Each structure stands twice: as C-alpha cells, then as structure tokens.
Amino acid sequence: MATLAALRAAPRVRGVRLSSRQQSLLGVAILLVLLPIAFRMDPRNFAIFTEVAIWQFIGAGVLTVLVVSTVAIVASLPIAAVLALGRLSTQPWLRYPAIAVVEGIRAVPLLLLIFYVFLSMPRDVPFGLGRETIALTLALMVYTSTINAETLRAGILALDRGQMEAARSLGLSHWQAMRYVIFPQTFRGTLPSLLAQFTTLVKDTSLGSQISMVELLQRGVIIYQGFHNPMETLYVIGLLYFALNFALEQASLATQRGGPQRERG
Amino acid sequence: MDLTLLWLGLLETLKLSILSILISLVLGTVIGIMRAAPLRPVAVFAEGYVVFFRNIPLLIILFFILNGLPASPLAIRLGFFETGLVGLAVYTAAYVAEVVRAGLESLSRGQLEAARSLGMSWALTMRYVLLPQAFAAIIPPLGSVFVALTKNTALASTVAVPELLYQSKIVEARTFNPNVLLITGLMYLIITIPLGVLVNHLEARFSVARFGQR
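Protein chains in written order, with our numbering: chain C, 1 to 265; chain F, 1001 to 1214.
So here's chain F without its partners, still in its complex pose (with noise of 0.2 Å):
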C-alpha cells in the first residue's frame, strides 16, 4: 500500500497542530484573563465567549468560516488551510480559557492582595504573580486540551485541509480498503504519545520551579 500520501497528511496535521495550538493558547490565555478581569463587562463577555464556543460543534465554526464569512458584506475570504487553523484555535481557545481561570482561581487570594498591595498594577500583579503560578499548575489540564486539539484537527478534513484523515481517504477510495485507517489511527499516535510525554516532561520540571527554593 502507497502510504506517501499519509506521511504528506501526517505533515500537514503537525503543521495544523502546532500552529493552533500556539493561537489557542496566546487567544485562550487572553481570555481566561479578561475572565478574571475587575471589569465586569470584560468578564461577562470572557464568559460568555467560554460558553457558548464549548457547546457548540466545531464543524459550525468551520464552516462558518468556509462558507458563512465570504457571503458577508466584509468578504473575508480565508485559505482552507487558514480556515481549519482560524477555527481550530476560536474553538479550543474557549477550553484554554477555562483551564487558565481555574488555574487562577487556584491560586491563594493572598497573592492578588500581597502584590497589590506593594503597588504593583492589576495588570503586573497578572503578569509577574498569578499567571506564572497559575500556568505552573495547570500544565497537565492543558496538556488534555492541546492533545483533544490534536485529535480535532481531523475536522480541518471536511475543509479541504490535506492532513491525515483526508489523504487517508483518498487512499481508501483508491483502494477499497476501510483498513487503512487503522494505520491512520497509530499515525495520530506520532503525535499524541510524544505531546504526552512532552507535558509529562513539562509538568516535573515546573512543579521544582514553583516550590523550589533559590
């Protein structure tokens, strides 16, 4: 069996992945913050921004991009490509955000009170006090996030994105065989097993830089 084709797909997919993950993060990060804003409308908003994308299907942000944008008076039009990676990222971006808060909220109120009451701003205390502890502690959660994202880039198929899942059927109608996607499957594992160990790795290391003492 040619499988030149998945190798190809499973490019595109590390490609998808990694760069949506870094968006999701840098999006969802911004929000999980506004979440934790003083301002109320920024929180609500952050909120709702949260809940309405976690209940929502992926493929009705995809093909709101794929579809919906072009046939607005603004004519966004984006590549398939910049489609799956928009959508990938608004969407997880909503899971990030929700990660990030709980981490926040973890922490002690006594870290909020103690910066800011040695003057630093609201926006320096997050910088230099909550976010860093925060992100120590939710590296793991994350990490669950990062690899379902993996996983859902499969979707970025139904728009034309030639990563894994869409070579892969190319493959099977050329060849009648379902069983090709079994090798799809262990494929995906190149990428999930060693994210994994990635925030395994990430996890230990952090957890010595927040208790250890320098």
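So here's chain C without its partners, still in its complex pose (with noise of 0.2 Å):
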C-alpha cells in the first residue's frame, strides 16, 4: 500500500509546476542573487537605499521615463498610421517617401537620431521645458513610428483580402474602407505588438542621459558619483528598469489574454 501511495505521490512531487512566469522570475531571482556575489559587491553600498530622499531622487527618474515613453508612443501612433496607410497606398507618390522614411529611419542608430534631433533643434523651446527632454522624446517619437508603421502594415496585410473587397463593394472608398472596417481590426490585432514597443521605448529612455537629460540611468550616475558605489547603484537601477518593463509585459500580456476575440474575416 504504502509503495502504491509513493507511486500516486511521485508525480505530485515532481510536477510542482512553476508557470512560465514564475520560471523567468526564479531565474531572474537566482541571476540577481548571483550577481552581487560574483562581483563582491558591499553590502554597505547599498545603505543609501534605505533612504527616503534617495528614492525620491530615483523616483523622478523612474516618472520621466514613463512620461516621456507614455508621450513617445501615443504620439506616434497617429504618425505610423499615416506611414503604413502610405506605404500600403496605390499612389507613387505616397508610396515612395513613405519607404524612403521608414526605412532610413530605421536603418539609423537611435542615438544618431538623438543627436541629430538634439544638435539641429533651435536655442530656444516653449513649455518651458529643458531641450534635451523635447528633444528625446521627438527622437523616440519618430523612431517608433517607423518601428510602429511596419506592425501596422503587416497588421493590414494579414487580414483576409475579403474584408477590403466586401466594404468596396458596398459602395464605400477605399479610405472609408480603411477607415471603418480596415483600421480597427487591424489596431486589435496588433494591439500586443505595439505594446511590446513600449518597452523598448522604456530602455530608450536612458539614451537621454548621453544629451545631458537627467532621467533614471544620469539619476543612478549622480548618485554613484557622489557615493562611489557604481556596482550597487547601477544593480538597483538595473533592478528598476527591469521591474516597470516587467510590468509593463505582463499588462500587454494580458491585454492579449482578455482582448475581444472577436471572429475575423
């Protein structure tokens, strides 16, 4: 009997499943714990962290990168749709430009685009605020709309061919079309893709600091400078990002999850 029960219980024991989730994050734990212990680093470096000050500090960081990506990648969504529309238009015209911005764009280093937008902005900008915040968040603007403008292409390419024939022939234009029956099935699909943008648009925030932006990683560097304790400084902002991106995939996640799942041509 007892050999019986051993036998039921055997697979219990070894199936303690973790969710893929709690997989990454077990790893993630272990890698964190790994970390300090490979390269020495001082528990007392890490001291400063239990105070408020400091965290207030680190906290202005960790809200300018979510305004500014927030801003990035809201803005670039009406600028995406008009690239992809352009792109996917019969008019040479539109079509050309909109490959030839697209592509350059993105065939261009991020931090090249920074500069550049940074270097060649005039002296003086409105809302008072500082030129390198405006000038970053119009890189990263820019950029994701191209990045952005591809997921929507693709996105009305995959949907069936039926659904632009049957609403053209129901006497609608073609940009009436696009606009009532194309469009929203496509932003649905691709909703999880543009998501997966935003966090990419998180680790590009840090680009700021290299045009003198005081955002979360120039934050992690005043401190380490002023504390000299880099190692650490550096693992809590590493720690940082890693968390509002972790966030932030599991919120697309589950707007894949609990999405409408409606039926498609």
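In case anyone wonders, no lab produced these hints; they're calculated from the structure. All values derive from a computational prediction rather than experimental measurement. We put the CB at the ideal spot given by N, CA and C, even for glycine. There may be inaccurate statements among the hints.
[Stated by the list, open to error] Per label pair, the in silico range of CB-to-CB distance:
| # | chain 1 | residue 1 | chain 2 | residue 2 | range |
| --- | --- | --- | --- | --- | --- |
| 1 | C | R161 | F | E1082 | 48 to 56 Å |
| 2 | C | L32 | F | N1200 | 34 to 42 Å |
| 3 | C | L129 | F | S1144 | 33 to 41 Å |
| 4 | C | L63 | F | N1200 | 42 to 50 Å |
| 5 | C | S120 | F | R1205 | 38 to 46 Å |
| 6 | C | Q56 | F | A1123 | 46 to 54 Å |
| 7 | F | R1205 | C | G130 | 45 to 53 Å |
| 8 | C | A247 | F | N1200 | 31 to 39 Å |
Dock chain one against chain two, each of which comes alone in its own frame, and use the hints as you go.
Below, the structure written as structure tokens:
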C-alpha cells in the first residue's frame, strides 16, 4: 500500500510546475543573487538605498521615463498610421516617400537620431521644458512611429483581402473602407506588438542621459559619483528598469488574453 | 568637409560589429541550449539571463563594466574597446539565445526522441541533430538581431570607443554642422545593407541544405 501511495504521490511531488512567468522570475532572482556574489558587491554600499531622499530622487527619474515613453508612443501612433497607409497606397508619390522615411530612419542607430534632433533644434523651446527632454521625446516618437508603421502595415496585410473587397463592393471608398473596416481590426490584432514596443521605449529613454538629460540612468550616475558605489547603484537602477518592463510586459500579455476575441474574415 | 575621421570610425564600428557578432553568437547559442537543457536549474538560470538582459538598457551594462567593475574588490579593468565588446556581447547574447530557443522549439519532438532512441546522448543529439536544423530555420531572425547589434555599436561611443558616432561627434564639434550626422547615418548603411544581403544568401543556401535530398 505504501508503495502504491508513493507511486501515486511521486508525480505530484515531481510535478511542482511553475508557470512560465514564475520560471522567468525565478531565473531572474537566481541571477540577481549571483551577480552581487560574483562581483563581490559590498552590502554597506547598499545602505543609501534605505533613505527616503534617495528614493525621491530616483522616483523622479522613474516618472520621467514613464512620461517620456508614454508621450512618445501615443504620439507615434497617428504618424505610424499615416506612414503605414502611405506605404500601402497605390499612388507612387505617396508610397515612395513613405518607404524612404520608414526604411531610412529604421536603418540608423537611435542614438544618432537623438543627437541629430538635439543638435539641430532651435535654442529656445516652448513649454519651459528642457531642450534635451523635447529632443529625446521627439526622436523617440519619430523612431517608434517608423517601427509601429511596419507593425500596422503587417497587421493590415494579414487581414483577409475579402474585408476590403466586401467593403468596396458595398460602395465604400478606399479611405472609408480603411477607416471603418480595416483599421479597427488592425488595431485589435496588433495591440500586443504595439505594447511590446513600449518595453523597448522604456529602455531607450536611457539614451537621454547622453544629451545631458537627467532621467533615471543619469540619476543613477549622479548617485554613484557622489557615493562611490557604481556597481551597487547600477544594480538597483537596472533592477528598476527590469521591474518597469516586466510590469509592462505582463500588462501587454493581459490585453492579449483579455482583449476582444472577435471573429475576423 | 574632412571625412577621414568618419572612415576611421567606420572601420572601428566594423571591427566592433564583427567581433561582437561572433562572441554574442557563441554565448547566445550556449545560453539558448542551456534553456532547452533537461537539467531544471540550468534551464531556469538561462531563462533568467534572457529575461533580465532583454529588459534592461544596454547603457547600464556598459556603465557597469566601465565604472562598476573597477570598483569591485576584483578590480576588473577593461579597455574602452573591450568594454564595448563585452557589453554588446552580453546584451545581444540574450536576444540570440531567445532566437536559438525558438528555433529548437520549432523542431518536432520526434527529432529528439528518434535520436535518443538511437542511443545518442543528449549532447550528441543537440550537436548533430537539433542544432543544425534549428540554425537553418533561424537565420533570418538571427540576421535582424545582428543588424540591431550593428546599430547598437553606436552606444559604444558613450564608453569612448572611437567608432563612427564618436568620430562624427568630434567632426560636429569642430564644424558646428549637425548635418554631418546624416553622412554618418548613410555610412551605417554600408554595414547593414551587406549584412542583410549576406543573411538572404545564407537563408537561400541553408534552406536547400535542409530539405535537399542527396
């Protein structure tokens, strides 16, 4: 009897199944334990992270990251839609410029684009914001819109041809069909990819530090230059970026699962 | 406009790109294989590596190597070029590993089972059965990872590697003409376009090797 019970119990004991999310988190936790040991980080150097003032300083950076990336992604969507439609247009004078913009901007490093926008901006900027904040947001917006344009284009091409044909045969014009039939379906289908772009954006805001913007990474640099604990500070800042992105990724997965699952052509 | 510095920078970018492609390919493949390993802790660790390094900015890794490691009791000091190289390799390896894992997962389970039932060890199966097929399938996504890597070499300018963007900033500072960056942008195409052609060529070649009957 005991053997039988053991046999029955065995798979259950072995079958401590972790979901893929739990497995990733466990892996990251192992890495986060190993890193300080491997590089002999000093626990005393973490002491400053118990102070409220440090977290207020870092928190402002987190806020900057979130605001800049949200503005950039929201503003990128209309531009992306225009570029995607331009590229799919049958008119050469619309199609070729759209291709040139999308491919040209996607082909250069983002940091180069950021420098270019920053250096060619006028000295005076509106809204009392820093030049660097505006330059970073603009550059990220332009870059993201070219990437999102490709995502939207792929989403439009993935739709059944019958959708357009049916709409046109009902008497809708090409643009009306795009507006009322094709686009709403495309947005639903590509939402997860568009949200995934958010993660990339959050990471890319760190490039702002190179045009003297005081965002999250630059705040980390300021902290470790003052407290002489570069390893420990970068570890904490890295962890923050990871946490932000992981949360965003989970939100993106939730829209995939919980999003409207209507039948498509 | 004097373009000598830009050409020097292009050579440096080329060197950095090629070396970091090679290192990240090896490192990423090892981690990708580890993720598919039957040993649970190994797989979980590799998973953690991929998830963590894909979600933090490359600049943090570069700064960690440049400023962090010398402050450690181990006092690891790398040169500027090595800093860029290691940082890019560590970061890109996570993306390579993800692609390799997807390639391995795309194979039928029967491949593993058949090889194992022929008496091949797990390592032999991986080496002679699974990896060759996986690589043939992942050449296009691997190509886009390496194009992204080439663009990311621009970040090495932040750790004083005299590559293309670094030199362009010097030229810009001398001439006060931001349009020099447009030329730099075109110069990146000198690397990324042939890379794309190479990927297409490899794709065509290996898709034949995969399905051809000899």
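Hints versus structure:
1. C:R161 - F:E1082: 48 to 56 Å: holds (53 Å)
2. C:L32 - F:N1200: 34 to 42 Å: holds (40 Å)
3. C:L129 - F:S1144: 33 to 41 Å: holds (35 Å)
4. C:L63 - F:N1200: 42 to 50 Å: holds (44 Å)
5. C:S120 - F:R1205: 38 to 46 Å: Roughly 43 Å apart at Cβ, these two residues keep to the hinted range, so it holds.
6. C:Q56 - F:A1123: 46 to 54 Å: holds (52 Å)
7. F:R1205 - C:G130: 45 to 53 Å: holds (51 Å)
8. C:A247 - F:N1200: 31 to 39 Å: holds (38 Å)
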